[in-house]
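Taken in order, these protein sequences are the chains called G and B.
Residues in the first sequence are numbered from 716 upward in steps of one, following our numbering.
Residues in the second sequence are numbered from 14 upward in steps of one, following our numbering.
Source of the hints: derived by calculation from the structure; they are not laboratory data.
A couple of the hints might just be wrong.
As the list claims (entries may be wrong) - Subject to a maximum C-alpha distance of 25 Å in a straight line, what follows is the list of computed PhoX-like cross-link-like pairs (lysine-lysine):
#1 G:Lys914 x G:Lys967
#2 B:Lys302 x B:Lys87
#3 G:Lys760 x B:Lys219
#4 G:Lys760 x B:Lys282
#5 G:Lys943 x G:Lys917
#6 B:Lys295 x B:Lys282
Note that the structure is predicted; figures quoted are calculated from it, not measured.
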Amino acid sequence: MATMTMVKALNAGLRRALAADPKVLLAGEDIGNLGGVFRVTEGLKAEFGGDRVIDTPLAESGIVGTSLGMALGGYRPVVEIQFDGFVFPATNQILTQVARLYHRSHGRLNVPMVIRLPFGGGIGAIEHHSESPEAYFAHTPGLKVVSCSTPSDAYWMIQQAIASPDPVVFFEPKRRYHERGEVDLDATPMPLHQARVVKQGKDATVLCWGAMVRPCVEAAIVAAEEGKDLEVIDLRTISPLDDDTILTSVAKTGRAVVVHEAMGTAGIGAEIAARIQERCFYALQAPVLRVTGYDMPCPPNRAEADFLPDLDRVLDAVDRSLAY
Amino acid sequence: MAADFVQLLDPAGNRVDHPDFSYDGTDADIAASLRDMVLTRRFDAEATALQRKGELGLWPPSLGQEAAQVGSAKAARLTDQIVPSYREHGVAWVRGIDPLALLGAFRGSGMIDYDSRASRFHLYSWVIGAHLLTAVGMGMALQRDGLVGEDVADGAAVITYFGDGATSQGDVNEAFVFAASYGAPVVFFCQNNQWAISEPIALQSKIPLYRRAAGFGFPGVRVDGNDVLACEAVARWALDRARRGEGPTLIEAYTYRMGAHTTSDDPTKYRHNEELDAWRAKDPIERVKAYLLGSGAIDQRWLDELASESDAFAEKLRAGCVALPEPDLAEWWDRVYAETPAALLAQRDDYLAYRASFEEA
Chain G
716 MATMTMVKAL NAGLRRALAA DPKVLLAGED IGNLGGVFRV TEGLKAEFGG DRVIDTPLAE
776 SGIVGTSLGM ALGGYRPVVE IQFDGFVFPA TNQILTQVAR LYHRSHGRLN VPMVIRLPFG
836 GGIGAIEHHS ESPEAYFAHT PGLKVVSCST PSDAYWMIQQ AIASPDPVVF FEPKRRYHER
896 GEVDLDATPM PLHQARVVKQ GKDATVLCWG AMVRPCVEAA IVAAEEGKDL EVIDLRTISP
956 LDDDTILTSV AKTGRAVVVH EAMGTAGIGA EIAARIQERC FYALQAPVLR VTGYDMPCPP
1016 NRAEADFLPD LDRVLDAVDR SLAY
Chain B
14 MAADFVQLLD PAGNRVDHPD FSYDGTDADI AASLRDMVLT RRFDAEATAL QRKGELGLWP
74 PSLGQEAAQV GSAKAARLTD QIVPSYREHG VAWVRGIDPL ALLGAFRGSG MIDYDSRASR
134 FHLYSWVIGA HLLTAVGMGM ALQRDGLVGE DVADGAAVIT YFGDGATSQG DVNEAFVFAA
194 SYGAPVVFFC QNNQWAISEP IALQSKIPLY RRAAGFGFPG VRVDGNDVLA CEAVARWALD
254 RARRGEGPTL IEAYTYRMGA HTTSDDPTKY RHNEELDAWR AKDPIERVKA YLLGSGAIDQ
314 RWLDELASES DAFAEKLRAG CVALPEPDLA EWWDRVYAET PAALLAQRDD YLAYRASFEE
374 A
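Okay, chain G solo, but in the shape it has when bound (with noise of 0.2 Å):
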């Protein structure tokens, strides 16, 4: 058992990734001599060499578009793309090649390729720094969509990920970059596409990932005090959604909250409450409520701490949920 950062826990996870497989490679703006903007591959290149951690010239397209052609050529390419606003001019290759390449040999090319996107707010950054665009890629059929929200899972998720035989968007909150946590590193992880219980309750489910795991677990400490049970459960997997896990959980509680950074309409809430009522219709006391950055671009930072979702809006959602 170790205690480290999530940053720290990513670096030692690609580590132990690159180290078991020499066809695992990494690409990235300044991830080699600066270890990247938030240090995650820091020592990497010193390590492991120019050739297998790739300082890239700064053009996204350009990373995703030859690192798809690596993977075809027999390797599995690690990218980083610098910032989530900083994803968009690489739309094009994740959305028309990368995801449909399967899909349009028969099955007879995969592409075993990660996409890491550090991502959310809260970090007091200019704009496009503060983007939570996993909705985009959840809604694009043929990639799969991960976030971590602890050492632990960044450390083991990042692992399964980069093993993965298809594209994996994986969603790094940066916000709990610097926030330690213990990782077992000889555990039995559990798999990637499936959600966590991180917390047992009975009177209300409230459903979140990445850095809005903290502020929920939070809340269900409030409520608790208050006699409210609250279960909350960190999703892990936004694509392919863990349905057994969500619905298990609200065919018992009855009332379920959805809470994320990213604006609400078309949002990844919006897909979860529609399965919700369409497979536990009968088991609900009350309708889905979603807590989600609002319908506008992201604020000027000084203005984010009423944007972004918090314990104070979650409690509120669980109340009215719970005054059904």
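Once you've looked at the hints, dock chain B against the given chain G.
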């Protein structure tokens, strides 16, 4: 390395002749450029300090790039459009943009906040290279307005700013193609400051950047980016060409990012102090001071007065920055669409009701 660039004032402050380019201004004009560079550097230094004190979230320093920015900006007429990236503090200054209108975006109290239509200084742009296509389109609009051509008395053009790293982006290369295809009146002003965060120029280009222009079918010129006279002269020539309808030009201003990429960056992790020292000897401001003191156009008293002006300016910046109004999220629902959907206003009302519930409690 860079012997083939246009230089009209050497690092020691001596005027240099060039067969194709000359600076036609007076020493008083040069003194005005010096003042602009000194105040730009002060603005940059104060903003960097404000970030260190926690008053700004982030700041991208322009230290070392004052000549490239001030010189090129002075070549633009007020009728020309300027399309900047995010480090063009000296260009903004010359165009008359209130520095406080820039600071809000870095403080996180607002967006870039000035009238970009009236000033013809487009918004700072953060996504690397994306704005070059915008610039070309603005040039195409000027063509359709009849403002471009040999016979046009008061023609207009566009000058757009970007860095060496941006030249790797697809959008930048597409902008070159479009500008060439339509002969758009655009000056592509690339400040090659040698570093894209930690990545040296050699990773972005195996040939001098200005030579890429030939492949797209328009002229490219490399200029000493630390020489304010040469930057103005070359930019003026390129803007004149553009206004006359002779099409785009790529200018590579060969300079150096003396500071960090942004205040979040630590350049000591990837580059050597010797390199910085070598460029310090080519400082864009010192050479102009040396020249003007030598010519007798300015004296120590003039410099002292400029220093006083700079101090007063800095004081105003500090006070103005901390006095910038705090943003109220309630105001931002109106800033998503020109015609705001009713459902969005209902969402705002829900937010206001939620907020009010705390005040009641």
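Hint by hint, here is what the structure shows:
1. G:Lys914 x G:Lys967: holds (14 Å)
2. B:Lys302 x B:Lys87: holds (18 Å)
3. G:Lys760 x B:Lys219: Measuring from Cα to Cα gives roughly 22 Å; hence the hint holds.
4. G:Lys760 x B:Lys282: holds (14 Å)
5. G:Lys943 x G:Lys917: Status holds; Cα separation ~9 Å.
6. B:Lys295 x B:Lys282: Distance of about 23 Å is within 25 Å: holds.
Of the numbered hints given earlier, the model fails none.
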